[in-house]
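Residue numbers (the UniProt record's numbering), protein chains in the order written: chain A, 1 to 384; chain B, 1 to 257.
Hints are computed from structural coordinates only; laboratory data are not their basis.
Using N, Cα and C, we set each Cβ at its ideal position, and we do this for glycine too.
Treat the hints with care, as some may be off.
According to the in silico footprint, chain B covers these stretches of chain A (three or more CB under 8 Å from chain B) [stated by the list, open to error]:
#1 32-46
#2 94-103
#3 186-193
#4 376-384
Simulated restraints, written as ranges between beta carbons of each label pair [claimed, not checked]:
#5 B:R249 / A:L258: 52 to 62 Å
#6 B:S142 / A:G383: 52 to 62 Å
#7 B:E72 / A:V184: 25 to 35 Å
#8 A:A42 / B:Q68: 31 to 41 Å
#9 A:G21 / B:P115: 27 to 37 Å
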Amino acid sequence: MRGMRDESSASAELVVREQGGRTILEPHGDWVVDTIGRHDSAIRAVETSNDPCDIIVDLTHLGRVDTAGAYLLGRATRRCPTPDADFHFVGIHRTARRLIEEVRLRTQVCGPEEVRTFGFMKAMARIGAGLEAAYQEAVDTFAFFGKTLTTGLTCFVQPWRFRLTPTVWAMEEVGVNALPIVAVLSFFIGAVVAFMGANLLQSVGFSVFTVELVGISVLREFGVLITAIMLAGRSDSAFTASIGAMKMQQEVDAMRVLGLDPFEALVLPRVVACVLMAPLLTFGAMVAGIFGGMLVAWTAQDISPALFFTRLHSELDISHFWVGMSKAPVFGLVVAIIGCRQGMQVQGDVESLGRRVTASVVQSIFAVIVLEALFAMMYLELGI
Amino acid sequence: MSDDILISVRNLRSAFGPHVVHEHLDLDIRRGEILGIVGGSGTGKTVLLNTILGLKQPEGGEILLNGQRLAEMSERERRQIDSRLGVLFQNGALFTSLSVLENVMAPLREHIDMPVSLMEEIAGMKIGLAGLDPSAADRFPSELSGGMRKRAALARALALDPEILFLDEPTAGLDPIGAAAFDNLILELSQALGLTVVMITHDLDSLYSICDRVAVLADKRVEAVAPIRDLLNNPHPWIKEYFHGPRGRAALAGKEN
Numbered sequence: 001m002r003g004m005r006d007e008s009s010a011s012a013e014l015v016v017r018e019q020g021g022r023t024i025l026e027p028h029g030d031w032v033v034d035t036i037g038r039h040d041s042a043i044r045a046v047e048t049s050n051d052p053c054d055i056i057v058d059l060t061h062l063g064r065v066d067t068a069g070a071y072l073l074g075r076a077t078r079r080c081p082t083p084d085a086d087f088h089f090v091g092i093h094r095t096a097r098r099l100i101e102e103v104r105l106r107t108q109v110c111g112p113e114e115v116r117t118f119g120f121m122k123a124m125a126r127i128g129a130g131l132e133a134a135y136q137e138a139v140d141t142f143a144f145f146g147k148t149l150t151t152g153l154t155c156f157v158q159p160w161r162f163r164l165t166p167t168v169w170a171m172e173e174v175g176v177n178a179l180p181i182v183a184v185l186s187f188f189i190g191a192v193v194a195f196m197g198a199n200l201l202q203s204v205g206f207s208v209f210t211v212e213l214v215g216i217s218v219l220r221e222f223g224v225l226i227t228a229i230m231l232a233g234r235s236d237s238a239f240t241a242s243i244g245a246m247k248m249q250q251e252v253d254a255m256r257v258l259g260l261d262p263f264e265a266l267v268l269p270r271v272v273a274c275v276l277m278a279p280l281l282t283f284g285a286m287v288a289g290i291f292g293g294m295l296v297a298w299t300a301q302d303i304s305p306a307l308f309f310t311r312l313h314s315e316l317d318i319s320h321f322w323v324g325m326s327k328a329p330v331f332g333l334v335v336a337i338i339g340c341r342q343g344m345q346v347q348g349d350v351e352s353l354g355r356r357v358t359a360s361v362v363q364s365i366f367a368v369i370v371l372e373a374l375f376a377m378m379y380l381e382l383g384i
Numbered sequence: 001m002s003d004d005i006l007i008s009v010r011n012l013r014s015a016f017g018p019h020v021v022h023e024h025l026d027l028d029i030r031r032g033e034i035l036g037i038v039g040g041s042g043t044g045k046t047v048l049l050n051t052i053l054g055l056k057q058p059e060g061g062e063i064l065l066n067g068q069r070l071a072e073m074s075e076r077e078r079r080q081i082d083s084r085l086g087v088l089f090q091n092g093a094l095f096t097s098l099s100v101l102e103n104v105m106a107p108l109r110e111h112i113d114m115p116v117s118l119m120e121e122i123a124g125m126k127i128g129l130a131g132l133d134p135s136a137a138d139r140f141p142s143e144l145s146g147g148m149r150k151r152a153a154l155a156r157a158l159a160l161d162p163e164i165l166f167l168d169e170p171t172a173g174l175d176p177i178g179a180a181a182f183d184n185l186i187l188e189l190s191q192a193l194g195l196t197v198v199m200i201t202h203d204l205d206s207l208y209s210i211c212d213r214v215a216v217l218a219d220k221r222v223e224a225v226a227p228i229r230d231l232l233n234n235p236h237p238w239i240k241e242y243f244h245g246p247r248g249r250a251a252l253a254g255k256e257n
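So that you can see chain B by itself, here it is in the shape it has in the complex (with noise of 0.2 Å):
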């Protein structure tokens, strides 16, 4: 892996009125790795997510993207970044109209020039790179079981072939065994497509088998990043709560096994 910087976030300052959520809060993402970001509820994991979208404006410091500021750019070159970022929701965010097949179509048709036939046919292949199978294709996300709908979403978040994905709490609500065939999944995609991943979880196992680090978010900052073997050791309280209270010593066990 290179030490490449994709994506840093400077002295970040998130705050709703009074309540400070994130207070100096540095964070680097580096180019092609799989970044998982924990913290207890209330922590503002998802306000940092949707800080880095630019689905919400810091009050204070900077996010770079490619070292370019975000805030410096035009509404151009904003739309263009956009392009590049796939994100995967925590409820899947389907639009709930249209079926899967004109879901994963609705980005490639607001930003690319081709042919619809053409266009059908790159949805059907995200929709198989997503693990569904093609029967699906023409059902509305209403007919989905949980895990299909995230699969359905996660389609719809590769459409544009981005370089950076965002995954919500990806595996939250699926049972342990979908939940270990979609971590396989964005590990298999991410390695065969280039991705860079950044997933908020709360699932030890996906952090223990395919994170290559993992930020924790605590203190209104980011309290560690580091491969998880390391934070293991962290002394932070909260730290030492999370991976060796019983579910994450259960987690680490079945991993070593």
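If we strip away everything but chain A, and leave its shape as in the complex, we get (with noise of 0.2 Å):
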């Protein structure tokens, strides 16, 4: 048996010397794990300079030793017919012989790594296999999305299957909990864009123009973008990890084996909050963003908050604020349906979750600013 490895001091040392035409390995000290290191290469060295038959391992000086000390002994001699032969061997030692004899039973050599190859195919390579991946991610989107459409129809049609109660609890975590953040957020968006235009204008004299500015682009803009990027970061990494975690778990196996439908009893809740909150956080983000710029107008362009309210009403046409809230229910919903989608791709290990939701995020903000675009051009083109 082995004495405990007390002795920090403990070291490897060896010694290579040739008798009769023959290498004799001289290993002294202890040979252990912590202590075989540097003598990788020498071993290596004599291994692939000598004939393997003509190696011997003297194990007269050997202290301890341990599997990782057989292992880099045996190592010597292992590619020799008869590795373990007697002749192999000088000196007495209690353990090393059996050690090396039965780690060398064991031991399967792994394969050689797989060779990585860099160049101009394997970049085109590697850019193609993105490109299929993203073309698959967004076709499995819309089936996705076809798919909570139909448990939605169903439910409609059949009002009772609809499950209320996590609905709501989606509601506040989705709208109530996200609206201080939202509405401050907006705020200084707002009041950034006061500022920016108050330069701008007052250096041609049309300094009044800072209502409009602030008017349209918070109304029309940044009061729903700012509430679907956060919601993308905020409610649509949540949807993923708890689903997620629910899928890892099993929980989602479970509900389809007793009978639960996991899209109506996980997926529409949280779709119908998304698309229900999210009108509701863009006018709070509105207000506020307009309260925000009324407030750098008034203190940094002497415009009070009875004429930015005037101009407000007679220059601004009421159509900016419905452009700006027609887009709020389907950014909601884009965005709800990527989070619980990529909830629902988790595997069962803890990596696939931390993946799952960075491509949730990444994917909701990316559909909400093209979703945006597209709004954009489409709203020129209608003259709205």
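Join these two chains into a complex; the hints should help.
Quick look at the structure:
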């Protein structure tokens, strides 16, 4: 039995000598896992430059040895057809011979690692694979959307199947709890827009147009965009994480077996909550953004709140407000669909959960920006 | 077997708030033996293991490793001790983001200074020792079956050539054939490498086939430690129930046939 490895000063030495045409390896000291590291190359050199049958290991001076040490000593003779024959060993050691044999018996050499090649073709192949994966993701997301839609229609026809409690819970999570942060962000964006506009417009003498600038940008774009991005960063990742965790614990499988449709129980409440709450959050964001713009206009340009609101009423068409609001449910829907779908894609391991949450946030922000551009083009064509 | 004591637990008291798990618990683990720990659910088998490993601070009493008090050791000594202990957690606790080979290499990378190529070879050797096919080395834990995961975790536990191997329910969740093979593997390894093995188990077959002694946890302490044949005559009601219940009898009959 080995003693405890108390001697922290343990060290392994290797003496290599030639005798009568044979190479003798003479390990000194303790050949254990924390001492053998530096003899790897020496043994490899002996191993490759000599006939394996002419290598002899002298165990006389060997101290303690463990499996790692035994592996390294045994490796010297491994190319010989009879690596454990008696003529390979000199000297007597309590455990070394047996350990070397035992280790060799159980060792399976791992195959060489796949050689990675770099080059133009490889890069092209990666780009192609990435594009194909992106295409497949898009197709799958649409399929998921379709399935959610049919589940929603089923619940519309059979209202008793709709789950109210989880929906209300999700509405609180997505809407009420998100309102403060959305409002604060939008407030600052409104203020920044007013500042930028004030500087620019003052120089040409039209500082009063700050009102239109703030009104149009916040109502048409920023209110809804800030809401959508917050939804993507906050609620969408939460959807992916919570559904993904349930998927990991096989809760989703258990639901299916028990006859509960996970689309009905998990996906639909979240999607409905997002679609309903997104316009409300957008409204909150618009109010906060205009308030922020108004404060800046008041303090930096002496446009009084009364003048600000009068001008807002007289100069701005209500259509700007509706343009902004019309986008909110669409963004809510897209964000919720992507979040739930990524959650359902989680596999059994922690790694995939992290990957899916990242993918979910990236995809939903990407989708929001692309849709935003499409909306802008559409309303431009429509002349609204 | 020698009577050389490797780990001794003295007068241990563990508690979670008002809930006392162990009181006046004594246990000696001898060098080179395979000690099985049994006990009903909630008797604190895993708590005892965690306390010996230093993952949990005991509320009282002391643990001596080779005559040295664990509580009095410095951080550095403690870390040296840690590299002598190999642990197989209940569910393997493999790092999911690393392949099996990288999992086995992780402790080597952390503690040992050696060329990476040698590290890979040694990790491959440990994977072989644990009875895994070399093709499993490049796979990730999520791609392995339960039995393979246990073997991979065993390979990682063996990475630093520990002197003591702790196993928490090594055969739980394995089919009987896989469980018997795993038992054999542990027995062979402990003989070949001179390991001291402490295993928590509910598997009566493992107790009969590989354990030198069995410690029974009951009534907040170690009620008995003895070779299993001696425990059969123990009058304690739980021990009687455990070994003479239907499953206990079946395992005994299976062993005798």
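Hint-by-hint comparison with the structure:
For the region 32-46 of chain A, the stated coverage by chain B holds: 8 residues have a C-beta nearer than 8 Å to a C-beta of that chain, and at least 3 were required. With 5 residues carrying a beta carbon less than 8 Å from a beta carbon of chain B, the region 94-103 of chain A meets the three-residue requirement, and the given coverage holds. Evaluation of the coverage hint for the region 186-193 of chain A: breached, as 0 residues show C-beta separations to chain B shorter than 8 Å, against a requirement of three. Coverage of the region 376-384 of chain A by chain B is violated in this model, with 0 residues showing a Cβ closer than 8 Å to a Cβ of that chain against a need of three.
Checking the proposed 52 to 62 Å range against B:R249 and A:L258 shows it is violated: the Cβ atoms sit about 37 Å from each other. For the pair B:S142 and A:G383, the supplied restraint of 52 to 62 Å holds, since their beta-carbon distance comes to about 54 Å. The beta-carbon spacing between B:E72 and A:V184, approximately 54 Å, falls outside the hinted interval of 25 to 35 Å. The given range of 31 to 41 Å is respected by A:A42 and B:Q68, whose C-beta atoms sit roughly 36 Å from each other.
The hint said 27 to 37 Å for the Cβ distance between A:G21 and B:P115, and at roughly 30 Å that hint holds.
Checked against the numbered hints above, the structure violates hints 3, 4, 5, 7; every other hint is satisfied.
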